[in-house]
Amino acid sequence: MEKKIANRFSSEQFRDFILNYALYIILGAIIVFVSVTTWLDPTKTPFLRVENIISIITQASTKGILALGCAGIIVLAGTDLAIGRILGLSSVVVASLVQAFTYGTRYYPQLSEMAIFQGAGWWLLPIIALILSIAISVLVSVINGFGVAVLEMHAFIITLGTSLITYGVSSLYVEGQPSGSSMSLSTFDQRFIDIALFKFVSFGPFQIPMLVFYFALTAFVMHIIWTKTVLGKNMFAVGGNLEAAAVSGVNVKKTIIGVFAMAGVLYGIGSFLETARIQSCNSSTGTNYELDAISACVIGGVSFTGGVGNIPGVVVGILLLITINFILAFLGVNAYFQYIIRGLIIIIAVAIDVRKYIAKK
Amino acid sequence: MTLSSHSSNQLRALTGSFKSITVEVVINTDNENYLLEMINIEKSFPGVKALDNAQLKLRKGTVHALMGENGAGKSTLMKCLFGIYRKDSGIIRMEGEEINFNNPRNALDNGVAMVHQELNQVLRRNVMENIWLGRFPTRNGLIDHKKMYQDTMSVFKELEIDVNPKIQIGKLSVSKRQMVEIAKTVSHNAKILVLDEPTSSLTDEEVEHLFRIIRKLCDRGVGIVYISHKLDEIKKISADVTIMRDGQWIHTCPSDSISIDEIVNLMVNRDMSHRFPPKTNTPGDVLMEVKDLTGKYEPTCKNVSFELRQGEVLGVAGLVGSRRTELLQTIFGVESLGSGTISLRGKLIDNGSPKAAIKNGFAMITEERRATGLFPLMNLIFNSTLTNIRSYLKFGLLSNHKMMEDTAWVIKSMSVKTPGQKTKIKYLSGGNQQKVIIGRWLLTKPEVLLMDEPTRGIDVGAKYEIYQLILDLAGNGKGVIMVSSEMPELVGICDRILVMSNGHMSGILEKNDLAKPNVQELIMHLSAKYV
Amino acid sequence: MKRILALILILTMALALTGCGAAATTAGAAETQAAATTAAAAESKTVNIGVLVWKFSDAYGSTVRLAIEKYAKEVGDAQGVTVNLDMQDANDNQTTQNDQCDTLLAKGIDLLIINLATDGAAQALIDKAAAKGVPVLFYNKEPTDSKTLVPAAKSLFIGTKPEEAGVMQGEIFAEQWAANAAWDKNGDGVCQYLMFKGQADNIEAIARTKYSIDTAVAKGVKMELASSDIYVCDWDTAKAQDTMTAAWASVGSKVEAIFTNNDGMAIGVIAALNQVSFNSGDKAKNYIPVYGVDATDEAAAAISAGKMAGTVKQDGDAMGKAVVTIAVNGALDKGWLDGTSYEMAADGYSVRIPYAKIQ
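These protein sequence lines are chains R, L and S, in that order. Per the numbering used here, the very first residue in the first sequence carries number 1; after that it's consecutive. Per the numbering used here, the very first residue in the second sequence carries number 1001; after that it's consecutive. Per the numbering used here, the very first residue in the third sequence carries number 2001; after that it's consecutive.
FYI, nobody ran anything at the bench for these hints, they're computed from the structure. Keep in mind that a hint or two might mislead.
[What the hints assert, rightly or not] Footprint (simulated), chain R over chain S, 3 or more residues, beta carbon under 8 Å:
1. 2061-2074
2. 2226-2239
3. 2266-2274
[Claimed, not checked] Dumping the calculated SDA-like pairs for lysine to any residue here, alpha-carbon to alpha-carbon at most 20 Å:
4. S:Lys2070 to R:Ser179
5. L:Lys1191 to L:Glu1098
6. L:Lys1402 to R:Leu231
7. R:Lys228 to L:Leu1397
8. L:Lys1359 to R:Ile224
9. L:Lys1424 to R:Thr305
10. L:Lys1079 to L:Asn1053
11. S:Lys2128 to S:Ala2106
12. L:Lys1422 to R:Ile224
13. S:Lys2128 to S:Leu2105
14. L:Lys1511 to L:Gly1475
For every residue, glycine included, the Cβ atom is placed at its ideal position computed from N, Cα and C.
Generate coordinates for the entire structure from the input sequences, incorporating the hints supplied.
Next comes the structure, spelled out in structure tokens:
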């Protein structure tokens, strides 16, 4: 009889294990499959190479920073549909400030004539840009937080609303350029691009750009915030059981707004770096970025039911997501199939997530 | 196979009872007489045997009262009937044929309906849509509103219900909504109807109207299972009574062959001597004084005044809906204070929010452990330390070391049985979860502990440990206010008992009252004072 | 208290909105309004023209839109009328555009200029306008089945030849390929190329994709797609960059030329190449020619910096001028092209604004 119980327990553990890691297993299998098939086929370039891994991590870095911000909001059982548009607005503002002085159709032609920005003084511009980027992102995000915490709106609605507003503002801003057209803001000073893309470590042919370093640093700081600060603990309390958190003396409103503000800071940093990475911004920059950020969180085990998740999971989530995107392009998969595959991944991720926490009768 | 601790407790309860009850099991071989038979129903949850040999036999066209204390297994039995829970064993027969419903919908389709205490209605839609929801009459693929209206009116006419079918249901009084719900079961041609505490929020007049409707239903041959705490009602409306206690069937007899006193005795009869630890605490000086406490938003408590002494366990008794929970929540700042004052050691304090209350030395263990106490997906460390989180800051960051130290203290001093600190709390038993929550609050070093149903859903053995904990706390000079629906538990461990009735305080039983043999009846009478 | 707050909020928003609307009209037709004041004194005729724009924030579209506004006064003065423009942004949503059409017609306009959100939606708009007797003029996006549809509606289409951008891209490439023998890295006499398409179902994207390669082949260059399929990147810089990075990892060593449907994607491709130390400005080493369309300022800058091989200019200013000139003729019930230097194309229903090569 005792043996029976032990068996049942282990089968339950097995089920839990499969549920917890099903998505990783599936995605891992895809990666292994692609690696092996491209390695065995002499006509194809092998997929599993150090350069590719570095490329993937680099691509994952900016979106990863966004995902780290959005993960906190999902832990609160909320969501953020405004990420893409926040990035759009912040990045056009950043772009307008860091265009090369030699470029003819600059947003602010007068900057090159100001004495303060000459020589080493130029560095003030990216600093101002970073501060503005963070300020804009935090402002929009705090409005979202206010809507959720104080006006008690569903995060879906308030972020949908602010995303539209932000899009309008960024479109107006782009059209504010001297030509009056909606032309992309581009041709940045190389020093600005190097902030993000300078290869700070190179061993042999393998070079790692600064972006990766920023991402690692941000992830580390967020990990500390999530596990080692009062805000982090309160965030899990509010997301896990709002009423219990309130009874336990957690200031629910302050926590929600705090988490949104924290997300805003990360969006600001992410927007700044993404601007340097893509090197050309217009009002449609950032479209659908929220989908990648949210998908990464869900793949990484941050549950939509709230109160569950961790930073390493989010990092793994964005890396897996970008790896899949990379593989799809690497294999030259038909564009329509790419949409289908990405959609399936999100559905499977959420379906597994729901099974995990579903009440057992 | 040895007896489980539970059944040996049961044995002790029976042998040591003051008044032994002659249990007569009459096996009726003629099934045709009964509309519904539930025989030897058993149901276990992990660690708790919720139903053990439960029985119910309902005759056609009669009202059958189902009696028992909270936790006696009445609602579990009904949930087994409706397929919300799957029974472990036993037989359910309807008109002689065995039935096993998968869900309430399935039961309804077969003529078995229930009107819950908390009405499940779509408040923003109108009366007739609520009645015909899920089976709207249609014509040519469109909803036939005219037929829906006429069918609703004919049911209402038959039951003498005066409600406009087109009015939004949320705008009706609770009694009207309840009647609509009953009308809905009639429209389903229900043969068996379960009413759960139907009169708990009705006025006398409304109760009379309800009874008229019930009698009409009986005339149509409907059998009604009537769950209620109101003893005089039972005598008035029911033909038979079944009494349950601790998940077991105790007694069934015609209503007019049993007195109210006998019913009460059968409901609460237990061996009191071994269920509670010896009282070791002695009340001292006045710790907290509450004056004219009234909540801001209805429904709430009204004009409640009392004192709590150091080292005292003050019980709060009352029926469901007597606003006991609201009293605690108002003291703790979960609900807004309307008027009145709270003072601690003679000094007025302001518990404007739970945070302020915690600062003032209050702690609250909530009634709905799952809904408002636990963080089920988090581990023991999180669940133990959250309330006191700021005290673990070291250089601006939380110290794992300190948090684990305190968690270890909680596990040890509350004797929590757990595989480790990092176990998710949802994997612990109810009793152990409750101990962690109490431990969480003790870490804040409170002076006043508010406990709302601290032993609900907890096994008998674990209850004893919780009682011991409560008495130890009082012994250490803390003031404890404990709300409970289990009268023996209140009588067993409280120093005084405050009785709430419909939002008002209807009286306080002092120590000498608690020693009286009829103390439970006293509580019952006070509970009904303002109903 | 809350209610009052809400009320104040709504009031502020309403005020802000009307303010915005007013500001937009002022900004949108600053010159026409200035014209209106002078013209009002002369009591000249006013022509009301509605303009349905598919997406305000589209880079090329915005240059056309600005040109329409810019030349409205000039054209009006020449014709002795005041031109009043009412522009609407459908933001790439056909349903929105249909609603905007209804609104404009209800307001009363003399002519409707349409830049379709969806190529296939022309008939519905034509019918709406015909019901009110308002002539319509299409530009930029050519309606599906335009050959029969546009003449039947007594309308006119002003556009470019979709194939022309592709043809010019192919011509620029073929010339440069012949002049730079070193570009054929593997010396097999065949050009292994990559193609970045804007949108799968867009007429312009389809034509650019097809004719760039067809023209190169016609000019005698053997072309071979280096990847297993062409890439579709929604005209988007960031997406093109990410795709290029992956493509580089997979087939990068083979690639000898890269074609993109617009400069936005070309810039993304170049950013990705920069990451692997390609196309950093020195054409002599680590260089792969990249071609775009639109001749945006950023592309022009990239070309002059030696990072990009060429682009094709779609002359938004000329397009805008043609649209407003022809529109005013239509609004005054004159022949579409009366008194202008524009010529009807061979198809008999359109005016084609030529592209220009930039390299």
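>> Given the hinted pair S:Lys2128 and S:Ala2106, is their Cα-Cα distance within 20 Å?
In response: Holds: S:Lys2128 and S:Ala2106 sit about 10 Å apart, inside 20 Å.
> Under the criterion that the straight-line Cα-Cα distance not exceed 20 Å, is the pair L:Lys1359, R:Ile224 satisfied?
Replying inline: violated (27 Å)
> Are R:Lys228 and L:Leu1397 close enough, with their CA atoms no more than 20 Å apart?
Replying inline: Roughly 5 Å between the alpha carbons, so the hint for R:Lys228 and L:Leu1397 holds.
>> Against the 20 Å threshold, does the CA-CA distance of L:Lys1422 and R:Ile224 hold or violate the hint?
In response: Given pair L:Lys1422, R:Ile224 holds - Cα atoms ~18 Å apart, limit 20 Å.
>> With the threshold set at 20 Å, check whether the alpha-carbon distance from L:Lys1424 to R:Thr305 stays at or below it.
In response: holds (16 Å)
> For the pair supplied as a hint, L:Lys1402 and R:Leu231, is the alpha-carbon distance within the 20 Å limit?
Replying inline: holds (18 Å)
>> Can you confirm whether the C-alpha distance between L:Lys1191 and L:Glu1098 stays at or below 20 Å?
In response: OK: L:Lys1191 and L:Glu1098 at ~16 Å, within 20 Å.
> Can the restraint linking S:Lys2128 and S:Leu2105 be considered satisfied, given a maximum Cα separation of 20 Å?
Replying inline: Roughly 8 Å between the alpha carbons, so the hint for S:Lys2128 and S:Leu2105 holds.
> Counting residues of the stretch 2061-2074 of chain S with a beta carbon closer than 8 Å to any beta carbon of chain R, are there 3 or more?
Replying inline: holds (count 4)
> Going straight from one Cα to the other, do S:Lys2070 and R:Ser179 come out at no more than 20 Å?
Replying inline: holds (12 Å)
> Are there three or more residues in the stretch 2226-2239 of chain S whose C-beta lies within less than 8 Å of some C-beta in chain R?
Replying inline: n = 8 at 8 Å, threshold three: holds.
> Against chain R, does the stretch 2266-2274 of chain S show at least 3 residues with beta-carbon separation below 8 Å?
Replying inline: With 4 residues close enough to chain R, the hint holds.
Checked against the numbered hints listed earlier, the structure breaks hint 8 alone; every other hint is satisfied.
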